[in-house]
Amino acid sequence: MAKKNIKMRAKLKNGIVTVKALIKHPMETGLRKDKVTGFKVPAYHITEITCHRKDDLLFSCQWGPGVSKDPFLSFTLKDIKSGDILNLSYIDNKGQTDSLDVKVK
Amino acid sequence: MKRRIFLKGGVLTGFVITCFKIIAGSSLLLPVKLLANWNKEAFQATDMKTANTALGDTTPAIESEHIFLDVKDIAENASVVPIKVSTDIDNAEVIRIYVENNPNPLIATFKLTQYTDNFVFIRTKMRETSNVIAMVKAGDHLYMTKKQIKITAGGCD
Chain G
0 MAKKNIKMRA KLKNGIVTVK ALIKHPMETG LRKDKVTGFK VPAYHITEIT CHRKDDLLFS
60 CQWGPGVSKD PFLSFTLKDI KSGDILNLSY IDNKGQTDSL DVKVK
Chain C
0 MKRRIFLKGG VLTGFVITCF KIIAGSSLLL PVKLLANWNK EAFQATDMKT ANTALGDTTP
60 AIESEHIFLD VKDIAENASV VPIKVSTDID NAEVIRIYVE NNPNPLIATF KLTQYTDNFV
120 FIRTKMRETS NVIAMVKAGD HLYMTKKQIK ITAGGCD
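Line by line, the protein sequences give chains G and C.
Residue 0 is where the first sequence starts when you use numbering that gives the first Met the number 0, and the numbers rise one by one after that.
Residue 0 is where the second sequence starts when you use numbering that gives the first Met the number 0, and the numbers rise one by one after that.
Next up, chain C with everything else stripped away, as it sits in the complex (with noise of 0.2 Å):
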């Protein structure tokens, strides 16, 4: 009798493992189509030349009138800084958005396909007036354009 006991509840632990397992296998999928592999290393980044070797880019960038930045001169809200950046080099892979002079410099990298159309828009928050900076990787070269914001009133951390 006791051996039946304990046989049944060998299958039934059984039985719950295997459930476990389908489960945090079923939540695994989740990450594999958003890629998470988020760099924390380079958006951590104190300044801007770390935040682009942790990203794999160690050469500096060419100015290039080739990426157009388009922001107002003076930012009456740091918090909600609007930036849009486009651009017409044929071959552009990757588009990066800086802030200098914030704690994280790195704001944003968006990874450019055959689908998209070069163009990205996103608000930003700055803690000071600061050169805003785009940066496109096309190939083995990287590109940038900068612009200054002026911050008029209060910042934001």
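Here chain G stands alone, though its shape is the one from the complex (with noise of 0.2 Å):
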């Protein structure tokens, strides 16, 4: 298994769950020229990212390239329990994905 691009921990204080999210992801705008080659870089950057409990669409959000790279994304949520597993997924526009599950805290 290929070593995960997210980091992600949940954490429950005082009813409210704060989700934070690290992705490893360059983020390219396709603005950006290649200094040796004087080439644009292409745009490679994420479009999607969800959050699930289960079947339950928990959050969503999409993203423009104008995200920083390696983003970080924090949100909170509430009704949720402790040891409830949420599941944080994303998809950039080559359409690759990770995912990764993470037990609130």
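It should be emphasised that the hints constitute simulated quantities derived from the structure, not laboratory data.
Check each hint, because a few of them may be wrong.
[Claimed, not checked] Here are the computed distance ranges between Cβ atoms for each label pair:
hint: 1; chain 1: C; residue 1: 39; chain 2: G; residue 2: 13; range: 38 to 48 Å
hint: 2; chain 1: G; residue 1: 37; chain 2: C; residue 2: 110; range: 13 to 23 Å
hint: 3; chain 1: C; residue 1: 39; chain 2: G; residue 2: 33; range: 37 to 47 Å
hint: 4; chain 1: C; residue 1: 127; chain 2: G; residue 2: 102; range: 40 to 50 Å
hint: 5; chain 1: C; residue 1: 99; chain 2: G; residue 2: 27; range: 32 to 42 Å
hint: 6; chain 1: C; residue 1: 127; chain 2: G; residue 2: 77; range: 34 to 44 Å
hint: 7; chain 1: C; residue 1: 100; chain 2: G; residue 2: 27; range: 17 to 27 Å
hint: 8; chain 1: G; residue 1: 33; chain 2: C; residue 2: 75; range: 22 to 32 Å
hint: 9; chain 1: C; residue 1: 90; chain 2: G; residue 2: 35; range: 45 to 55 Å
hint: 10; chain 1: C; residue 1: 75; chain 2: G; residue 2: 23; range: 15 to 25 Å
C-beta atoms are modelled at their ideal positions from N, C-alpha and C, and glycine is treated no differently.
These two chains come separately, so use the hints to put the complex back together.
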């Protein structure tokens, strides 16, 4: 199994779960020029991220190329119990995906 | 004898084709969970109005005090500018983040559900000093708030 590109943590405090995720991804905008060749580096960035609990969609977002390299994402959730398993998955514009299951602490 | 071989061949090809169908079917299943409806038009728009229209909103956004945009006034590193957005609008459905002077102003859209607590934190790239705009969609209305971030050194494409 390949090494996961996602690091994620979900912590419950006062009824609210804070999810923090760090994804390893180059996030090329398609506008940057390669210093050696002078050609533009083709766009390569995450387009969509979803967070599920089993089949419930908890949170989803769409990203453009303007998100920083190795993106960090944080959001909060309610009505989630400690011990629930959250699944975070992403897809990029080349169709590559990765996902990770994390238990709420 | 030739007929036998022909028949065997036929069965084999049939089997191979079904295998391929199963593989294709399973790989198609993945993007269903990831909604895979990235709004290309909106994210590649070069100004905010076009992006908003592509997202299905033609009415201009109203300035609101119920959106809290937490950013630093000065960014030292233009390629990593942290942006925190939260809101206390009850029926907020979508949070959008724009950087006005970027080549593609729309940075991200966040879809909220009954489980979310109206808070997002993300890091963006900025080309130059610009207004950062947080937009919230609630019902048929669009609310926004903006803040300027100064870029001191460099800038990011």
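Cross-check of the supplied hints:
1. C/39 <-> G/13: 38 to 48 Å: Between residue 39 of chain C and residue 13 of chain G, where Cβ atoms are some 40 Å apart, the hint holds.
2. G/37 <-> C/110: 13 to 23 Å: For residue 37 of chain G and residue 110 of chain C the Cβ distance comes to about 39 Å; the hint is violated.
3. C/39 <-> G/33: 37 to 47 Å: violated (24 Å)
4. C/127 <-> G/102: 40 to 50 Å: Holds, at about 43 Å.
5. C/99 <-> G/27: 32 to 42 Å: violated (22 Å)
6. C/127 <-> G/77: 34 to 44 Å: Roughly 38 Å apart at Cβ, these two residues keep to the hinted range, so it holds.
7. C/100 <-> G/27: 17 to 27 Å: holds (20 Å)
8. G/33 <-> C/75: 22 to 32 Å: holds (26 Å)
9. C/90 <-> G/35: 45 to 55 Å: Since residue 90 of chain C and residue 35 of chain G have Cβ atoms about 51 Å apart, the given range 45 to 55 Å holds.
10. C/75 <-> G/23: 15 to 25 Å: holds (23 Å)
Hint violations for this structure: numbers 2, 3, 5, all remaining hints satisfied.
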